[in-house]
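Asker: Sequence:
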Amino acid sequence: MKTRSRSRSGSARARTADPAPLESGHARLFRSRLTPELAALQAIGWPLADDGLPTEPAWREALVLRPHARPARVVEQHRSGYIVADGPEHNFGVESLPEWQRPANYRKGGIAPEERPAVGDWVLIEGAPPKHAKVVELLPRRTAIKRAAAGEHYKQQLIAANIDTVFVVCGLDADFNPRRIERYLLLVRGGAEPVVVLTKSDIAETESSAAVGVLALAAQDVAVRAVNAKDPASVAALNPWLQPGRTAVLVGSSGAGKSSLTNTLLGIEKMKTSQVRESDSRGRHTTTYRALIPLPTGACLIDTPGMRELKPTGEEDVAENFSDIEALAEQCRFRDCKHQREPGCAVRAAIEAGKLDPQRFANFLKLSDEVAVAANKAANRRAQKADDKVQGKALNKRLDEKYGKH
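Each residue of the sequence shown is one higher than the last, beginning at 11 in the numbering used here.
No lab work stands behind these hints, which were simulated from the structure alone.
For every residue, glycine included, the Cβ atom is placed at its ideal position computed from N, Cα and C.
Among these hints, one or two may not hold up.
PhoX-like, lysine-lysine: derived pairs with alpha carbons at most 20 Å apart [to be verified]:
{"#": "1", "residue 1": "Lys376", "residue 2": "Lys348"}
{"#": "2", "residue 1": "Lys165", "residue 2": "Lys387"}
{"#": "3", "residue 1": "Lys399", "residue 2": "Lys165"}
{"#": "4", "residue 1": "Lys376", "residue 2": "Lys321"}
{"#": "5", "residue 1": "Lys165", "residue 2": "Lys395"}
{"#": "6", "residue 1": "Lys376", "residue 2": "Lys387"}
{"#": "7", "residue 1": "Lys165", "residue 2": "Lys321"}
{"#": "8", "residue 1": "Lys365", "residue 2": "Lys348"}
Okay, the calculated beta carbon distance ranges per label pair [to be verified]:
{"#": "9", "residue 1": "Val400", "residue 2": "Pro306", "range": "48 to 58 Å"}
{"#": "10", "residue 1": "Leu58", "residue 2": "Ala329", "range": "27 to 37 Å"}
{"#": "11", "residue 1": "Lys412", "residue 2": "Leu320", "range": "44 to 54 Å"}
{"#": "12", "residue 1": "Lys144", "residue 2": "Arg318", "range": "28 to 38 Å"}
{"#": "13", "residue 1": "Gln369", "residue 2": "Gly91", "range": "42 to 52 Å"}
{"#": "14", "residue 1": "Ala329", "residue 2": "Pro254", "range": "27 to 37 Å"}
{"#": "15", "residue 1": "Gln230", "residue 2": "Arg343", "range": "21 to 31 Å"}
{"#": "16", "residue 1": "Arg345", "residue 2": "Gln369", "range": "19 to 29 Å"}
{"#": "17", "residue 1": "Lys387", "residue 2": "Arg76", "range": "33 to 43 Å"}
With the hints as extra help, turn the sequences into a complete structure.
Answerer: Below, the structure is given as structure tokens:
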């Protein structure tokens with residue numbers, strides 16, 4: 011889902027910038043400041059226009075307004091803080107903004123998890139690493155993929171930011187599940203190009219069901235590649251999406267072969283791998299945290315742990331991901347057709363004729379309901395957030411009137 015994050019660094023706010031005033035003198039100033047570092051930044055995905063400035067206008071303005079700051083990319087996220095990089099071989103810890111370290115209590119100045127940095131984000135830092143570097147601003151995101159976090163209360167969780175391609179990895183073994191692939195695709199549409207990567211093609215156990223799933227994906231114009239994750243020649247099929255300056259993220263269940271794929275793309279054994287259970291081909295979490303890794307091709311790859319729950323945020327476009335069903339629905343006799351037992355239902359006719367997989371249609375209905383429920387929870391959360399802020403301001407005003415301003 012394409013997003014724009016808001017800056018949370020004190021008086022610094024998210025900016026909309028006209029790039030015109032930033033040309034000429036500002037371009038020369040920026041290049042003179044960062045010329046020695048530009049190649050290193052580009053190697054970890056920093057996007058540059060022909061004039062040497064970043065392609066994003068808001069990023070240009072942020073750099074001009076903070077003459078002592080320089081860009082870095084979040085490459086690891088831990089409970090204890092963030093690891094950033096300003097080049098392929100230069101990772102270091104940074105001091106983050108205080109509001110990122112507080113719980114998301116809006117009355118006390120906390121901010122929502124999705125408004126804090128995630129792996130792939132670009133930030134501006136000041137001070138010399140590794141001991142004195144601190145983040146001063148989070149740059150607006152070009153793209154992001156996120157899910158609703160597990161739990162009773164609604165909140166969003168970022169999976170990765172500023173990505174160009176999402177590799178949805180699924181093994182051609184007992185764990186092959188077209189419905190899970192559809193769920194992943196629902197979350198990544200709009201923010202980046204989805205590519206379905208079918209691993210374990212050398213030991214495929216589900217060729218017939220996979221063929222049906224691949225045909226449905228092809229109808230949605232989703233690229234599908236079957237690879238042996240341990241064979242460099244086979245994995246080379248992914249190179250068109252791994253060109254210099256591009257960033258891709260691997261998502262999929264545990265045991266799908268994401269870590270093996272990462273090792274093959276790197277050409278070294280960097281990520282741990284583990285065996286899968288023979289009964290269901292499920293694996294253990296070998297990747298325990300998200301990490302951004304520069305590849306020999308000049309691209310960057312974000313490896314992620316397997317996700318047990320994949321809940322929509324309420325912002326997804328179900329119709330876009332099931333355009334074949336939407337096209338059929340337009341042919342129904344009644345505009346408000348529920349596709350149950352109404353006469354002239356084109357969707358039911360397609361199912362009966364074997365042209366539409368009934369399980370795909372059932373998943374369409376299920377995901378539509380989940381997105382609607384999540385959208386309602388998100389609206390309630392926004393209303394609660396606004397109310398918390400109003401009450402917080404009122405409380406501060408009463409305290410100021412009673413005790414005076416501090």
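Asker: Could you run down the list of hints and mark each one as holding or not?
Answerer: The hints, checked one at a time:
no.: 1; hint: Lys376 / Lys348; result: holds (13 Å)
no.: 2; hint: Lys165 / Lys387; result: holds (9 Å)
no.: 3; hint: Lys399 / Lys165; result: holds (17 Å)
no.: 4; hint: Lys376 / Lys321; result: holds (12 Å)
no.: 5; hint: Lys165 / Lys395; result: holds (12 Å)
no.: 6; hint: Lys376 / Lys387; result: holds (17 Å)
no.: 7; hint: Lys165 / Lys321; result: holds (11 Å)
no.: 8; hint: Lys365 / Lys348; result: holds (19 Å)
no.: 9; hint: Val400 / Pro306: 48 to 58 Å; result: holds (53 Å)
no.: 10; hint: Leu58 / Ala329: 27 to 37 Å; result: holds (36 Å)
no.: 11; hint: Lys412 / Leu320: 44 to 54 Å; result: holds (49 Å)
no.: 12; hint: Lys144 / Arg318: 28 to 38 Å; result: holds (35 Å)
no.: 13; hint: Gln369 / Gly91: 42 to 52 Å; result: holds (44 Å)
no.: 14; hint: Ala329 / Pro254: 27 to 37 Å; result: holds (35 Å)
no.: 15; hint: Gln230 / Arg343: 21 to 31 Å; result: holds (25 Å)
no.: 16; hint: Arg345 / Gln369: 19 to 29 Å; result: holds (26 Å)
no.: 17; hint: Lys387 / Arg76: 33 to 43 Å; result: holds (37 Å)
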